[in-house]
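Residue numbers (our numbering), protein chains in the order written: chain A, 114 to 406; chain B, 114 to 406; chain C, 73 to 341; chain D, 73 to 341.
Hints are computed from structural coordinates only; laboratory data are not their basis.
Keep in mind that a hint or two might mislead.
Claimed, not checked - Computed footprint of chain C on chain B; a stretch qualifies when at least three of its residues, placed anywhere within it, have a C-beta under 8 Å from a C-beta of chain C: (1) 225 to 231; (2) 326 to 334.
Stated by the list, open to error - To give an idea of the interface, some chain A residues facing chain C are shown, with a C-beta separation under 7 Å as derived from the structure: (3) Gly189; (4) Glu204; (5) Ser214; (6) Leu238; (7) Asn245.
Where a beta carbon is used, it is the ideal one built from N, C-alpha and C, also for glycine.
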Amino acid sequence: MKSKLVSMAEAAALVPSGSSIAIGGSIIRRSPVALIRELIRQGKKDFTVLAYPAGFTTDMLAGAGALKRVEAVYEGLFQFGQSYNFRRGVEAGVIDIRDFSEVAMAARFRAAASGLPFMPTDALLGTGMAANNPEQIREITCPFTGRRLHAVEPANPDFTLLHGYIGDEYGNVQFPLVRDADDLDPVFAKGAKRLIVTVEKIVPHSEILKNPNLTYIPHVWVEAIVEAPFGAHPLSCDGYYDEDEEHMYYYQACSKPGNFAEYADRYIYGTKDHWDYLAKALTPERIFALSAR
Amino acid sequence: MKSKLVSMAEAAALVPSGSSIAIGGSIIRRSPVALIRELIRQGKKDFTVLAYPAGFTTDMLAGAGALKRVEAVYEGLFQFGQSYNFRRGVEAGVIDIRDFSEVAMAARFRAAASGLPFMPTDALLGTGMAANNPEQIREITCPFTGRRLHAVEPANPDFTLLHGYIGDEYGNVQFPLVRDADDLDPVFAKGAKRLIVTVEKIVPHSEILKNPNLTYIPHVWVEAIVEAPFGAHPLSCDGYYDEDEEHMYYYQACSKPGNFAEYADRYIYGTKDHWDYLAKALTPERIFALSAR
Amino acid sequence: MAYADDYTLNELMVVAASRELRDGDLIFIGVGTAGRAFTVAVGIPIAAARLAQETHAPNLAIYWNNLLSPDLSQIPPRLTQHHLTTWPTSAQLHNCSDKNDMLSRRLFDVSFDSAPQVDRYGNLNITAIGDYRHPKPRLIGCLAQTDHFAYVKRPIVLTDLKKRTFVEKVDFITSVGHLNGGKSREEAGLYPGGPWRVITDKAIFGFNEKSKEMEILSIHPGVTLDQVLAEMSFRPLTPDSIPSTESPTTEQVRLIREAIDPNHILLVA
Amino acid sequence: MAYADDYTLNELMVVAASRELRDGDLIFIGVGTAGRAFTVAVGIPIAAARLAQETHAPNLAIYWNNLLSPDLSQIPPRLTQHHLTTWPTSAQLHNCSDKNDMLSRRLFDVSFDSAPQVDRYGNLNITAIGDYRHPKPRLIGCLAQTDHFAYVKRPIVLTDLKKRTFVEKVDFITSVGHLNGGKSREEAGLYPGGPWRVITDKAIFGFNEKSKEMEILSIHPGVTLDQVLAEMSFRPLTPDSIPSTESPTTEQVRLIREAIDPNHILLVA
Chain A
114 MKSKLVSMAE AAALVPSGSS IAIGGSIIRR SPVALIRELI RQGKKDFTVL
164 AYPAGFTTDM LAGAGALKRV EAVYEGLFQF GQSYNFRRGV EAGVIDIRDF
214 SEVAMAARFR AAASGLPFMP TDALLGTGMA ANNPEQIREI TCPFTGRRLH
264 AVEPANPDFT LLHGYIGDEY GNVQFPLVRD ADDLDPVFAK GAKRLIVTVE
314 KIVPHSEILK NPNLTYIPHV WVEAIVEAPF GAHPLSCDGY YDEDEEHMYY
364 YQACSKPGNF AEYADRYIYG TKDHWDYLAK ALTPERIFAL SAR
Chain B
114 MKSKLVSMAE AAALVPSGSS IAIGGSIIRR SPVALIRELI RQGKKDFTVL
164 AYPAGFTTDM LAGAGALKRV EAVYEGLFQF GQSYNFRRGV EAGVIDIRDF
214 SEVAMAARFR AAASGLPFMP TDALLGTGMA ANNPEQIREI TCPFTGRRLH
264 AVEPANPDFT LLHGYIGDEY GNVQFPLVRD ADDLDPVFAK GAKRLIVTVE
314 KIVPHSEILK NPNLTYIPHV WVEAIVEAPF GAHPLSCDGY YDEDEEHMYY
364 YQACSKPGNF AEYADRYIYG TKDHWDYLAK ALTPERIFAL SAR
Chain C
73 MAYADDYTLN ELMVVAASRE LRDGDLIFIG VGTAGRAFTV AVGIPIAAAR
123 LAQETHAPNL AIYWNNLLSP DLSQIPPRLT QHHLTTWPTS AQLHNCSDKN
173 DMLSRRLFDV SFDSAPQVDR YGNLNITAIG DYRHPKPRLI GCLAQTDHFA
223 YVKRPIVLTD LKKRTFVEKV DFITSVGHLN GGKSREEAGL YPGGPWRVIT
273 DKAIFGFNEK SKEMEILSIH PGVTLDQVLA EMSFRPLTPD SIPSTESPTT
323 EQVRLIREAI DPNHILLVA
Chain D
73 MAYADDYTLN ELMVVAASRE LRDGDLIFIG VGTAGRAFTV AVGIPIAAAR
123 LAQETHAPNL AIYWNNLLSP DLSQIPPRLT QHHLTTWPTS AQLHNCSDKN
173 DMLSRRLFDV SFDSAPQVDR YGNLNITAIG DYRHPKPRLI GCLAQTDHFA
223 YVKRPIVLTD LKKRTFVEKV DFITSVGHLN GGKSREEAGL YPGGPWRVIT
273 DKAIFGFNEK SKEMEILSIH PGVTLDQVLA EMSFRPLTPD SIPSTESPTT
323 EQVRLIREAI DPNHILLVA
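Can you build the whole structure from these sequences, using the hints too?
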């Protein structure tokens, strides 16, 4: 097996401006935040984001003016409120949006994961989403029952960016047994064209061999893997650490009135890499306070 | 939560002759063998079996003259050879057969699990399976790409019969962490209309609460649960016990020349219930020899 | 059975919601943000489900935040990630396909939904106000609320009555209710069903069996019909005689205060 | 690099198969029953994959029996259930959807297949001999062999040469090879590709680029063309000059005997 371990900067360099990217995790959990920060640091832009529920990472890209389009089931920051940077972009007509329900968006990712050119669904009948998106949602008829259905287009992003728990240098990534939802990360991974994974910890391959049933991303799907402790911060990583409420309130205090630049200068452009970010965003005391115990 | 714990006889009594039944597990692993034995003991017949790879249980039903039709990807007994009772039935035109590839059969069960009236697939283009089964396999065209595809009908059996590891009286069934493939058991369960599960061991609900990530069959999907230690014998139950080679060789020695009745008299009709079967088929020494250690 | 004299509006809403739940129901509870939105989307539904379990529906189960049948006698002290991850539950549906499939297979009996726009026929909008391509404001998207109305047997809308919420016609159909009334829902290809009840802070509504228009079922004690109509941009069907919403009993109030939400985790605003 | 004088037919087949494997390949190995069928379906392919890993293809990985990238330096002493369950591996693909999706997404580079009927265009039959509705005999079904030929980039047929196996036209198409030759495969809607090599105990075959008929690529040392043709019910394309299959090297034989299959788990018959 070949080592796929690279630095955060090398991983981000793989993703050109203008790419469509699927971002894993969910709203404020287990998204590859450090990798998104590095994309912004490198000045990448014009992204189309595909997500299940989008959240913090999508809003950061919007704040940085790097977001062209979103296809997802939700955009917001859950208990921290609205996704203000994103909202402003949509309201100004700068960000294109394609809305899907959870069943329908999951069907799109399943189609991609199975290599199918469409997936049937009856979730969107009669909705505004279908009415506004004839490009990706088309009416079909069931050949067995005659029922009216929609075909939805597969979600086939150029890159898939995930944050995970532990992995080896070859790209085998494992779950902890005690965890919250996997969201669609396993489906995203399975359907990925080019998959980049950041993980909390790189472990020896021998550790992976001990619990092969916990491997949800086998090495053969992976192009690059990056070690990034607290790589989802300020979001949570279930089983590892909680969301950083103080940091999120500061983010919203900047974003709500349109001062994302203040946040970005401090935590993105003002930090040279992930380690520098952690040094500026966390103290040892804070790390212990957030850690799951 | 309501207790769904019943005896093997009560569980089998739920399933009328003529039913279509999905049988879980795979060839010689983790099938609900004790439950199938009880169906035969109760004189039930005219079953349509849906399986992923069919195996021992399907062959027993064929031997007992209780099998009308099979829809599956394989029929045989792996290293123990052919599925002789089944074969004779098909060759005589007594058993109807619908062949599907693994990708196509899995698509049928996925359609059922998602409540969809069909699933698209390109696995069967040009095959004899498609040519011989216009009822369940129909040509369609992708509305996005114009590609030729097939629609396959969902697999919607009347009953779904699974064997599992541990469960509580409410029907929550869990995996062990170290295990082989789940086959399609989780998909079968999710798509079941009426689901009966036999398990190696009934545990207190408090045990289930400790590892909710290992619950692959939540109680809300289950109609009845039965405790059946060595319930897959003479097949293996991964993580619990190995296949019983001696027993399988005896089964084949009877079945190959058409003497299934000898086997059945000894181990099915000649045993009054699962405990009686275990007493006749296993000794303590044999139980320890087969147990996974 | 004695009715309580002393109860809060939230307690009344919990009891009203609880009365709509039946033994054996499987209930989908969505996610809420914070403050009142959390209480309406999460707090009241969870309390109602627990109250139903403690009274008339012992075999009722909920799905919330990827937890299927969490032990509602062990509601955690806070709802941060780690408390959710470790909440004792029958199943952690970590594979989101399971939840989606359970929805589209129609395994859920009841869902609770709230929305910034609800119209006469119970269609919901949580996606965009105004022009979809240039909205003001853009809202949160769809989540599973579309799927609830497509598949769940008895969706319940739980939201406060406000003139800008209860509109004649939603700007965007996120969730298909009774569409344009009559048989229009089925004609659009959807399963029969659609929204079942609308529980608000002032009144409870159903939908007319034939026309599918929203109609008042009861008005909360102390609230007048005029106060209800003042908070609606359309006039719902109004029967000649409108009953008063049944008050909570002393036992129901006691259960909510002492057993279900003693630490004020659920009914926060 | 010295060629070995002393090698078995199975070792020759292992080496021949190994030479078809490339670095980085992901290889699907099927299941076999027992005896010769096991050796052909499982033993030779696994040994070939391991040999390739040890020589020219260190980054090759296999999928076998739900194991993705099992550690081939730790082949268990027996292949009963418990040994398979506990074989050290990068991933236990317990969710069979993962394997099926990897197939239909075309992630596999090579598959190994064997069949009781193979025809001129490389179509396979493992389903039924004779009339499909009244077969004699009924065979085992389809397994994933249909999917291999539909999706895998370079399927390899590995089976012994026998007159009743190599037939002009299969009785039933379980796996679509080059169908009726020429462009007929693509015209039926399948991906380009189809069977790549046929490795037998007497010769190795490919398929003519244009007509897609089976053609002899090499004949094993000590075997004559007549002996090959005597075991086939159709006449394959036969170049004027047919090379001899390259013999195993002493190092390859040593690796097979000492490192790969010292306990005769793989090459059993």
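*Confirm or reject the coverage of the region 225 to 231 of chain B by chain C under the rule of 3 or more residues with a beta carbon closer than 8 Å to the chain's beta carbons.*
As far as the region 225 to 231 of chain B goes, the hint holds, because 4 residues have Cβ atoms under 8 Å from chain C.
*Classify the hint on Leu238 (chain A) as holds or violated, based on whether any CB of chain C lies nearer than 7 Å to its CB.*
holds (4 Å)
*State whether the coverage of the region 326 to 334 of chain B by chain C holds or is violated, taking the criterion as 3 or more residues with Cβ-Cβ distances under 8 Å.*
holds (count 6)
*Identify whether the interface hint at Gly189 (chain A) stands, where standing means a beta carbon of chain C within less than 7 Å of its own.*
Since chain C brings a Cβ to about 5 Å from Gly189 (chain A), closer than 7 Å, the hint holds.
*Have a go at the Asn245 (chain A) hint: is there a Cβ in chain C nearer than 7 Å to its own Cβ?*
holds (6 Å)
*Have a go at the Ser214 (chain A) hint: is there a Cβ in chain C nearer than 7 Å to its own Cβ?*
holds (3 Å)
*asked:* Quick check on Glu204 (chain A) please, does its C-beta sit within 7 Å of some C-beta on chain C?
replied: Hint on Glu204 (chain A): holds, closest Cβ of chain C at ~5 Å, below 7 Å.
In the structure shown, no violation is registered for any of the earlier numbered hints.
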